[in-house]
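Asker: Each residue of the sequence shown is one higher than the one before, counting from 1 in full-length UniProt numbering.
Careful: at least some of the hints might be erroneous.
[To be verified] If you anchor each label on the Cβ, the simulated ranges turn out as follows:
1) 67 x 27: 27 to 35 Å
2) 57 x 15: 14 to 22 Å
3) 24 x 65: 16 to 24 Å
[Stated by the list, open to error] List of simulated lysine to any residue pairs, SDA-like, C-alpha gap at most 25 Å:
4) 45 x 65
5) 15 x 50
6) 15 x 53
7) 55 x 36
Hints listed in this document are in silico derivations from the structure and should not be mistaken for laboratory results. Predicted model, so just to flag it, every value in this text is computed and none were measured. Where a beta carbon is used, it is the ideal one built from N, C-alpha and C, also for glycine.
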Amino acid sequence: MKIEIKDLDAAIELKNNGMEVEVRDPDGTFRGDLVITKSSLIWCKGKTGRAKGVKLSWKQFIDAAEAGAIAAAKPAPKPPAKKAAKKAAKKAAPAK
């Protein structure tokens, strides 16, 4: 997915209007907007406006993430440690 933040103020804490994130497929096809506010997350599929988007409270989102498909997803593998990567590179290198 290609994720772009449409408007990001310098303030770290979200204000009442929140922040809108544009979501596109890797090929550039527009999927929708995710609006993140202090009280909720709103998914606006396609060109749906904020008022007609699917709204989840933070508690609903956290409960869904911990119990649903998000929790079932496997975590990304950790990259090898730098020392281990250097050792592997030395072993693979031809002797002089």
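Asker: Starting from the hint list further up, note which numbers the structure goes against and sort them upward.
Answerer: Result: no hint breaks.
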